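Residue numbers (my numbering), protein chains in the order written: chain A, 25 to 278; chain B, 100 to 576.
Each hint should be verified, as a subset may be incorrect.
Said to hold, decoys possible - Taking lysine-lysine and the DSBU-like style, the derived pairs with C-alpha atoms no more than 30 Å apart in a straight line are:
no., chain 1, residue 1, chain 2, residue 2
1, A, K191, A, K176
2, B, K113, B, K481
3, B, K108, B, K476
4, A, K176, A, K209
5, B, K108, A, K176
6, B, K113, B, K204
7, A, K176, A, K256
8, A, K191, B, K481
9, B, K108, B, K122
10, B, K204, A, K176
11, B, K476, A, K209
12, A, K209, B, K137
13, B, K476, B, K128
14, A, K256, A, K191
15, A, K209, B, K113
16, B, K292, A, K256
17, B, K292, B, K122
18, B, K137, B, K113
19, A, K191, B, K128
20, A, K209, B, K122
21, B, K481, B, K137
22, A, K209, A, K256
23, B, K128, A, K209
24, B, K128, B, K481
25, B, K137, A, K191
26, B, K137, B, K572
27, B, K108, B, K572
28, A, K176, B, K481
29, B, K481, A, K209
30, B, K113, B, K128
31, B, K137, A, K176
32, B, K128, B, K108
Keep in mind the hints are simulated off the structure, nothing from the lab. All of these numbers come straight from a predicted model, not from anything done at the bench.
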Amino acid sequence: MLQASPRVALFVTCLVDLHRPTVGFAAIRLLEQAGCQVEVPRAQTCCGQPAYNSGDRETARDLARSILEAFGGYDYVVVPSGSCGGMLRHHLPTLFEDDPNLRARAEALAERTHELVSFLTDVMGLERVAGAASGTVTYHDSCSGLRELGIKAQPRRLLTGLGLTIKEMAEPEVCCGFGGTFCVKYPEISTRMVADKAADIAQSGAETLLAGDLGCLLNMAGRLKREGSAVKARHVAEVLAGMTGAVPPIGEAG
Amino acid sequence: MLSTSPAFKENAHKAIADVGLQKALTRTKPHFQGRRAKAVEALPEFERLREIGRDIKNHTLANLDFYLETWAGNVERAGGQVHWCATADDARAAVLGICERVGAKTVTKGKSMISEELGINEHLEQHGITPVETDLGEYILQLRREPPSHIIAPAFHLNREDWEESFRRAHTDLPADRVFRERRDILTEARAKLRARFLAADVGITGANFLIAETGSSVIVTNEGNGDLTQTLPRVHIVLASIEKMVPTLEDATNMLRLLARSATGQDFSVYTTFSTGVRREGDLDGPEEYHVILLDNGRSAMLGTEFQDMLRCIRCAACMNHCPVYGVVGGHAYGWVYPGPMGAVLTPTLIGIDQAGNLPNASTFCGKCESVCPVKIPLPKMMRHWREREFERHLTPGAVRTNLALWGFVARRPGLYRLATRIGAGVLGWLGRRRGRLSRFPFAGGWTAGRDLPTPEGETFFARYASEQRGKRGRA
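Model the full structure from these sequences, guided by the hints.
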């Protein structure tokens with residue numbers, strides 16, 4: 025049952041905390057505009073993907089346990105990332121296969137956890153966000169958001185509602201080559217993948233690249249800047265919250 | 100086949116610099132992805148069919164002992180013989196034994212990945228028997244003495260100029276000034292060359308796409324018809340098949356075939372689909388006098404009951420590699436053994452050991468595209484992660500990675516310490532990038548900055564800013 029003013033815990037994500045706090049504040053603004061009471065549990069660090077995807081289940085489990093502690097008792101947990109959202113929704117419960125009690129808690133948390141944009145549209149029923157914007161954008165469908173959480177139309181609908189024109193890439197669903205630790209372990213392959221992505225972004229003709237995952241954005245922005253591209257890269261939340269004035273595009277100085 | 104999987108990174112480096120390979124790989128999208136997408140779009144029940152395929156395979160694997168025995172009984176009733184081979188050595192010995200007993204000099208071969216897994220060509224050659232590949236792609240690879248780079252299009256890494264060059268070099272009896280206008284000319288020349296070999300062959304070896312328990316049949320699909328000539332002309336037909344090829348009934352085989360061609364090449368059905376059941380009966384117009392199935396385990400039964408069991412559903416359609424962005428960059432040879440791409444990243448460590456093949460399940464972004472196109476819904480990324488877990492448990496993960504993970508894990512478990520570490524990190528990086536918002540070079544991130552800039556943080560962490568805003572609010576209140 026949807027409450028009038030649900031209590032929402034923001035899972036900030038380690039990259040937003042470290043790299044681009046504005047995305048976290050944009051998320052808070054969007055959630056509050058949608059009528060949520062937002063809290064930011066202090067005991068959070070990271071969703072555990074670096075350990076989980078490196079085969080270190082013990083560390084991943086420890087972090088998952090503290091997430092269960094910190095994020096219990098809220099109506100919803102909202103994450104400005106498809107990748108971390110996918111971790112909490114789909115992978116956290118699999119870490120407790122041998123512990124029915126923790127598994128049940130993880131499943132309960134998973135059910136209440138949503139990626140930011142899809143939460144606004146699919147749970148809060150938002151048709152559009154406040155404000156207006158103009159210009160052309162292209163949207164990269166980050167892999168986990170797209171394939172684990174089904175995020176595809178939602179951000180496009182809200183962006184179009186603001187007045188932005190979407191110029192699609194030829195292959196917006198192809199991986200950008202970030203892949204968490206992949207880009208560190210296999211930088212050469214990763215570079216080729218992001219170079220192909222940058223070419224697709226360029227041929228879209230859009231002024232701004234948007235996505236819902238900071239990891240992918242750092243990768244793509246890093247490549248675009250290396251190539252001297254004028255395309256600006258931003259997290260979708262910054263645009264939806266009307267906070268593009270608060271921070272320069274990713275990889276650019278103010 | 101000797102594995103170069105430990106050298107995956109160097110293999111990938113060479114592959115990225117290989118102009119011809121990169122040109123060949125650009126065909127992946129129109130050739131495989133585009134055609135599959137069209138075929139799937141034209142079949143509204145395709146998603147339902149994937150579930151049916153998954154369920155057929157799961158049911159078979161859950162009752163594999165029963166179906167193997169039923170199938171073997173039916174093979175024998177049809178006059179065939181089953182050779183139960185636990186290892187690749189057993190299988191090589193069984194094939195050689197049959198060939199030597201019938202005095203075979205020439206052996207024709209249809210395309211078979213089990214043949215590659217066994218290295219059967221080298222084994223026969225060492226014993227004075229000439230194997231002749233009859234699949235066009237395998238034929239040219241045999242001329243060039245190269246392994247396949249793809250499980251259904253073995254010579255996918257080659258371009259037309261490579262084909263012409265190899266044919267001119269090998270077929271020196273033909274006029275040097277002949278012109279190859281189109282793919283058909285290459286095919287015609289190969290056909291003419293192979294015709295005599297088909298007729299001279301004493302034994303024909305094929306693979307099997309499926310084994311059918313209720314009839315004891317083996318099934319192959321081809322687009323060139325070479326498989327049929329391989330298995331019907333010689334006196335002896337040897338089928339190379341691994342245990343997971345089993346399906347219970349003809350009906351099940353039909354459902355799997357509907358999935359296979361669409362997922363592989365985007366065809367509704369392959370040009371030739373051939374069912375072989377035992378030996379030639381009295382009154383039959385054709386068929387072999389002897390029908391043998393080399394039934395290979397080679398580590399597969401050990402996957403049953405483990406987190407890797409789902410991999411045994413694989414029907415070798417190659418959709419995973421055709422849609423894999425990593426395969427699309429490095430091609431098949433970089434993976435260093437028989438099975439490339441996502442399915443190889445899961446299967447290869449089982450067959451040659453995770454200590455040899457550790458790179459393969461790591462060389463994935465977990466983008467999930469492979470799982471989304473798999474006709475039998477194998478959770479490939481999940482199983483690659485399981486391999487990483489096995490690697491980590493056995494301390495095979497590289498030392499530097501373990502140290503960094505341990506350090507990060509220590510800090511991430513302690514929010515207070517974590518806040519401090521991130522404040523310092525974000526502050527330093529933000530300061531370094533204060534002029535341009537990015538760095539072109541950074542120690543410890545050489546791999547990243549070799550091909551892209553490193554965008555730098557805003558400078559203050561979210562939690563630091565949030566805490567000061569909350570203090571401000573409280574101050575005003």
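### Message
Taking the earlier hints as the rules, which of them does this structure contradict?
### Response
Numbers 5, 6, 8, 10, 12, 16, 18, 26, 27, in rising order.
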